[in-house]
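Counting in the numbering used here, the sequence shown runs from 275 upward without gaps.
By construction, these hints were calculated from the structure, which means they are not laboratory data. Be aware that one or more of the hints could be misleading.
Label pairs and their in silico Cβ distance ranges [said to hold, decoys possible]:
no.	residue 1	residue 2	range
1	Ser-292	Ser-641	49 to 57 Å
2	Asn-280	Ala-313	45 to 53 Å
3	Ala-628	Ala-392	23 to 31 Å
4	Pro-416	Ser-650	48 to 56 Å
5	Ala-284	His-351	51 to 59 Å
Note that the Cβ used here is the ideal one computed from N, Cα and C, for glycine as well.
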Amino acid sequence: MGLELNKVTASVDALGASAARRITDLNQRLPAAKAMLSAIRVDDELMKKIAAARAHRWAGAIPSSENINAVFPLPPHPARLNVIAADGSQIYPDRHGIALYYLINIGSIVFRHGRDEAPATNSTPQVFFEGDESDYAEEAGPINSEMVNAMRDVRELGELASLAVIETETAPTVTLLDNGLLMYISLREHNRDFGEGIITDYLRHLDTLRTCGAIPVGIVDRPRAANVVRLLNLAKMELSEITSDSLQSTGPFAGITDAMLFAFLKPGERSAMFDNAAPDNDRYEKKKHRIFFFYLNAGRPGKDSILRVEVPEWIATDRARLDVAHAAIVEQCRVSDGFPYTLMRAHELAVVTAGERREFEQMVIGSLMRQGIAPSVSQKAQGKQWTGSGKRRYPR
Numbered sequence: 275m276g277l278e279l280n281k282v283t284a285s286v287d288a289l290g291a292s293a294a295r296r297i298t299d300l301n302q303r304l305p306a307a308k309a310m311l312s313a314i315r316v317d318d319e320l321m322k323k324i325a326a327a328r329a330h331r332w333a334g335a336i337p338s339s340e341n342i343n344a345v346f347p348l349p350p351h352p353a354r355l356n357v358i359a360a361d362g363s364q365i366y367p368d369r370h371g372i373a374l375y376y377l378i379n380i381g382s383i384v385f386r387h388g389r390d391e392a393p394a395t396n397s398t399p400q401v402f403f404e405g406d407e408s409d410y411a412e413e414a415g416p417i418n419s420e421m422v423n424a425m426r427d428v429r430e431l432g433e434l435a436s437l438a439v440i441e442t443e444t445a446p447t448v449t450l451l452d453n454g455l456l457m458y459i460s461l462r463e464h465n466r467d468f469g470e471g472i473i474t475d476y477l478r479h480l481d482t483l484r485t486c487g488a489i490p491v492g493i494v495d496r497p498r499a500a501n502v503v504r505l506l507n508l509a510k511m512e513l514s515e516i517t518s519d520s521l522q523s524t525g526p527f528a529g530i531t532d533a534m535l536f537a538f539l540k541p542g543e544r545s546a547m548f549d550n551a552a553p554d555n556d557r558y559e560k561k562k563h564r565i566f567f568f569y570l571n572a573g574r575p576g577k578d579s580i581l582r583v584e585v586p587e588w589i590a591t592d593r594a595r596l597d598v599a600h601a602a603i604v605e606q607c608r609v610s611d612g613f614p615y616t617l618m619r620a621h622e623l624a625v626v627t628a629g630e631r632r633e634f635e636q637m638v639i640g641s642l643m644r645q646g647i648a649p650s651v652s653q654k655a656q657g658k659q660w661t662g663s664g665k666r667r668y669p670r
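With these hints in hand, go ahead and build the complete structure from the sequences.
Structure follows, in structure tokens:
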């Protein structure tokens, strides 16, 4: 029997009513948060509070050299600029399937602004399986979806680094990721070596981007982060009140996100720059790639689009290259109404559809049969095929 929608009508109605109440509550409390942003002072007292909070693994925002409530207008766009975007998708390993493997597909696009030519596009799939020397995750034990995601993220950045080495020879080059630049990996203890290898490779790609002079940028659409909101709550606290428990919430600003806070930005404007206080950022700092962020309205009049933009410290402190990134993002978003065109195309190039997955599985079956192996799936997988519940898309 399928989903009987009549049995969830009351729950759906309750969901809608709850959402309406929540929006009303947030709208009533948001002005106080905005007033706090305007009034906050970056002084020794605030920095002492930040130092105390960081001892408790606080994941707030640390003010940069820019005034915390500053607004920066849209800078001019360079006459010549290269924009590279990469995105990835995957087929996860399935222990109920015909064989244990996984696939990562990376799509990329190079957009050469100022030159009368079509963008250059590419798609690079790679298959990993037991016994394959290219699968450097094999020694970590069974591969799970989180590990595949981490490997995909590294390959996305690696694709950007490889292309940037070429493109920076001709013009300033901005590279775009459809995600933040700060990787969060939560692995079990026996997978720690795998996690270390992932971060090492990721930082190596950032090294390449810095060496070749590229401008790496991570874009987060519809961001839910509240790093700056946590800073506002911290500023209201007394130094003696700062404990692990008190830092778990954002107090009177609970539920408010940074995107709500910076919704006052006009199209093209960006907020001040902030340092991400997340403990994971300390690993990046050791390689001088500490990740900073700001918020940007990449929309148009009547249709705002607040994006979170992440850059390494060596871009955050270089106003000229930061302005190039700022202008490039807004220009790309004009093409596709609020989100960078090149990232949308990279996703289209990377996505693995259900039909493509089935075709790939047929290729695997054919390979097994040529080796004299009779492929079979588990009873659970067979049951899903009979009921149709296994049909799904595998985008990122």
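Results of checking the hints against the structure:
For Ser-292 and Ser-641, the Cβ-Cβ distance of about 51 Å falls inside the hinted range of 49 to 57 Å, so the restraint holds. Here the CB-CB span from Asn-280 to Ala-313 is close to 52 Å, well matched to the stated 45 to 53 Å. Distance hint for Ala-628 and Ala-392: a CB-CB separation of about 29 Å, consistent with the stated range 23 to 31 Å. In this structure, Pro-416 and Ser-650 break the distance hint of 48 to 56 Å, their C-beta atoms being roughly 20 Å apart.
About 53 Å separates the C-beta atoms of Ala-284 and His-351, a value consistent with the hinted range of 51 to 59 Å.
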